[in-house]
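Use the sequences and the hints to build the structure in full.
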Amino acid sequence: MTQEPIEKSLFEVPPLAEQERMVEAILFASAEPVSLAEIASRMPHGCDPAEALVILRRRYEGRGVNLMKVGDAYAFRTAADLGHLMHKELRETRKLSRAAIETLAIVAYHQPVTRAEIEEIRGVAVSRGTVDQLMELDWIRLGRRRMTPGRPVTFVVTDSFLDHFGLESARDLPGLKELRAAGLLDNRPLPGAMTDDEDGAVTGQSELFED
Amino acid sequence: MTQEPIEKSLFEVPPLAEQERMVEAILFASAEPVSLAEIASRMPHGCDPAEALVILRRRYEGRGVNLMKVGDAYAFRTAADLGHLMHKELRETRKLSRAAIETLAIVAYHQPVTRAEIEEIRGVAVSRGTVDQLMELDWIRLGRRRMTPGRPVTFVVTDSFLDHFGLESARDLPGLKELRAAGLLDNRPLPGAMTDDEDGAVTGQSELFED
Amino acid sequence: MPDPAADWVRDDRLTAEVLRVDVAGFEGPLDLLLSLSRSQKVDLRRISVRDLAEQYLGFVEQARALRIELAADYLVMAAWLAYLKSRLLLPPDPRDPGPSAADLAAHLAFQLERLAAMRDAAARLMARDRLGQQVFARGLPEDVTRRRDIRYEMTLLDLMRAYARTRTRDEFRPYAMDRDHVFTMEQALERLRGLIGSAATWTDLASFLPKGWDKSPMRRRSATAAHFAAVLELAKAGQITLRQSDPFAAIQLRHRGDG
Chain A
1 MTQEPIEKSL FEVPPLAEQE RMVEAILFAS AEPVSLAEIA SRMPHGCDPA
51 EALVILRRRY EGRGVNLMKV GDAYAFRTAA DLGHLMHKEL RETRKLSRAA
101 IETLAIVAYH QPVTRAEIEE IRGVAVSRGT VDQLMELDWI RLGRRRMTPG
151 RPVTFVVTDS FLDHFGLESA RDLPGLKELR AAGLLDNRPL PGAMTDDEDG
201 AVTGQSELFE D
Chain B
1 MTQEPIEKSL FEVPPLAEQE RMVEAILFAS AEPVSLAEIA SRMPHGCDPA
51 EALVILRRRY EGRGVNLMKV GDAYAFRTAA DLGHLMHKEL RETRKLSRAA
101 IETLAIVAYH QPVTRAEIEE IRGVAVSRGT VDQLMELDWI RLGRRRMTPG
151 RPVTFVVTDS FLDHFGLESA RDLPGLKELR AAGLLDNRPL PGAMTDDEDG
201 AVTGQSELFE D
Chain C
1 MPDPAADWVR DDRLTAEVLR VDVAGFEGPL DLLLSLSRSQ KVDLRRISVR
51 DLAEQYLGFV EQARALRIEL AADYLVMAAW LAYLKSRLLL PPDPRDPGPS
101 AADLAAHLAF QLERLAAMRD AAARLMARDR LGQQVFARGL PEDVTRRRDI
151 RYEMTLLDLM RAYARTRTRD EFRPYAMDRD HVFTMEQALE RLRGLIGSAA
201 TWTDLASFLP KGWDKSPMRR RSATAAHFAA VLELAKAGQI TLRQSDPFAA
251 IQLRHRGDG
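Chains as they are written, first to last, in the working numbering: chain A, 1 to 211; chain B, 1 to 211; chain C, 1 to 259.
To be clear, the hints were calculated from the coordinates, so they are not data collected in a lab.
Please note that a few of the clues may not be correct.
[Claimed, not checked] Just a few of them, taken from the derived set where beta-carbon distance is under 10 Å, the chain C residues facing chain A: (1) 133; (2) 139; (3) 240; (4) 242; (5) 246; (6) 247.
[Unchecked claim] Cβ pair distances, simulated, as ranges: (7) A:92 with C:127: 17 to 25 Å; (8) B:87 with A:145: 38 to 46 Å; (9) A:136 with B:127: 36 to 44 Å; (10) A:90 with C:92: 53 to 61 Å; (11) C:141 with A:112: 30 to 38 Å; (12) A:172 with C:95: 49 to 57 Å; (13) A:181 with C:102: 34 to 42 Å.
Note that beta-carbon positions come from the ideal geometry of N, C-alpha and C, so glycine has one too.
Spelled out as structure tokens, the structure:
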């Protein structure tokens with residue numbers, strides 16, 4: 001094995017190839033995505049992991065293991081087409097209810113979204129267990145409160161959700177653009193009706209402007 | 001990401017490059033080193049993982065992770081020269097527990113002192129953890145055994161203790177009277193019963209030091 | 001021989017069973033509407049809300065005929081659709097300030113389309129290559145050893161204070177009543193009963209304090225308090241009279257005798 005001696009000097013920044021090796025080692029060692037900041041903090045001063053990551057990602061393209069971006073973090077993951085070899089590693093997951101799957105999709109596509117909005121889209125009340133289950137899976141979390149009457153809490157998806165579904169960011173959700181273009185992600189209130197205070201507030205406002 | 005279409009035929013053996021990808025993914029995802037037989041059993045029929053392993057091993061030579069042989073099995077491991085990246089230094093300042101501070105103080109003032117004596121002065125049992133912690137911090141160490149029945153071990157403070165507190169010797173520690181005179185004792189004096197005990201302590205201490 | 005009536009009843013029950021299962025399978029009226037709309041086999045944007053309302057009301061009617069209890073929200077939806085249907089049948093009234101029936105119908109179509117889109121999105125999401133299913137993380141992560149460099153903050157002053165604390169702790173003893181220095185009211189009463197006979201004229205209470213209880217302040221206080229309480233008792237019993245010329249002046253007492 002060839003191993004070049006590494007310059008440990010505080011003043012000399014390791015060459016890019018060496019930085020790439022470092023990033024590779026750090027990411028390989030972790031099962032969880034590692035943030036860019038975390039990578040940088042573990043490398044010698046003056047390193048630029050962002051550049052090393054670009055090279056590294058390219059190096060692993062088409063390999064059995066790929067470098068994935070998850071939010072602001074990076075992780076090595078096995079190539080999806082080789083999943084069939086991994087039956088030993090297969091993790092049994094609890095089957096999600098239809099309500100949970102739909103609620104998850106609504107949070108992902110409409111985030112930040114309030115419980116009332118989820119209920120309006122699905123046309124039924126969201127049971128407490130559904131939200132709890134998704135939070136337990138660490139797929140959704142609380143976002144910022146909506147600045148509308150009642151200041152309702154909102155839900156957003158987590159980085160762990162992105163990691164699980166192999167998404168770089170929520171912008172990469174399948175069909176997101178088309179849905180947005182079709183206006184299906186709009187919060188369109190029921191004409192005239194005050195179904196809930198949020199929509200009411202919006203309607204009330206436009207009415208005021210029209211008067 | 002480029003992904004060549006994979007021949008899934010039962011009768012056709014995947015090309016070597018594909019076999020290499022497979023071995024790579026299997027080794028990456030496995031929770032323990034995988035034997036050659038195990039790798040072979042998980043790959044399509046007709047594959048030759050031994051050859052794929054050789055190529056894979058060469059591919060990872062000099063990289064941030066290396067393919068290692070562990071007994072009869074194979075696993076990826078961080079390159080030896082990058083082991084330092086797997087450490088994360090966290091500097092933390094903490095406060096010692098009250099029990100630890102008091103025990104340390106008693107050792108400093110009464111050294112060499114036995115555990116029984118410390119307990120007598122503190123009026124409570126000294127936990128093993130407290131003594132261990134102080135020894136780990138290299139602030140106290142074992143002194144000579146006391147030449148009394150049971151030959152109990154004694155504790156003394158270390159040079160590192162003196163160093164930390166900027167003392168030349170433990171004898172430089174001020175006595176109770178001096179502490180009070182310097183206004184360092186903030187305990188409220190009790191009416192009546194405050195006069196006799198103090199000097200006794202100081203005397204006792206110097207006696208012990210002369211041991 | 002099979003009884004045709006019984007057969008009919010069984011059929012009826014079977015139908016009811018099927019319907020109940022179906023209702024249970026729907027996640028609310030919107031879900032049911034979405035299912036019904038599929039039978040129109042058109043783009044949801046071109047759906048006939050009037051026909052859909054008809055279908056929904058027919059479904060509810062059937063459930064009612066079979067005495068299936070529908071959840072309240074299904075009935076609310078039925079009422080709303082009945083209203084919408086009747087509005088759709090009438091020509092629009094330009095004087096009506098509310099939203100037009102067409103707007104309401106369009107909104108319902110939008111809701112159905114949005115729900116269908118979310119269903120589809122959910123299915124696509126779940127069909128992705130998922131971690132732990134098709135894609136795998138490093139199985140043998142090498143733990144980052146977090147070397148904690150813990151510095152204990154502690155000064156010489158802390159050390160000295162701690163020592164002082166241990167050495168002065170025994171000076172604080174638990175509170176216990178010191179009986180040696182306490183004169184009880186009962187004792188004082190006992191004593192005074194034998195003495196008041198001599199107080200034919202006004203006499204200071206202080207002069208009644210027992211010997212040996214007037215030197216130490218602690219004993220004096222206890223005895224004074226006990227005797228004061230005792231003379232109050234005696235005054236109450238009518239055996240003596242008390243007087244005090246000014247606040248904080250000496251308390252004087254005199255035996256009352258019999259008249």
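Hints, one by one, checked against the model:
no., hint, verdict
1, 133, "holds, 7 Å"
2, 139, "holds, 6 Å"
3, 240, "violated, 74 Å"
4, 242, "violated, 70 Å"
5, 246, "violated, 67 Å"
6, 247, "violated, 62 Å"
7, A:92 with C:127: 17 to 25 Å, "holds, 19 Å"
8, B:87 with A:145: 38 to 46 Å, "holds, 40 Å"
9, A:136 with B:127: 36 to 44 Å, "holds, 38 Å"
10, A:90 with C:92: 53 to 61 Å, "holds, 59 Å"
11, C:141 with A:112: 30 to 38 Å, "holds, 32 Å"
12, A:172 with C:95: 49 to 57 Å, "holds, 50 Å"
13, A:181 with C:102: 34 to 42 Å, "violated, 24 Å"
In this structure, the hints that do not hold are numbers 3, 4, 5, 6, 13, in rising order.
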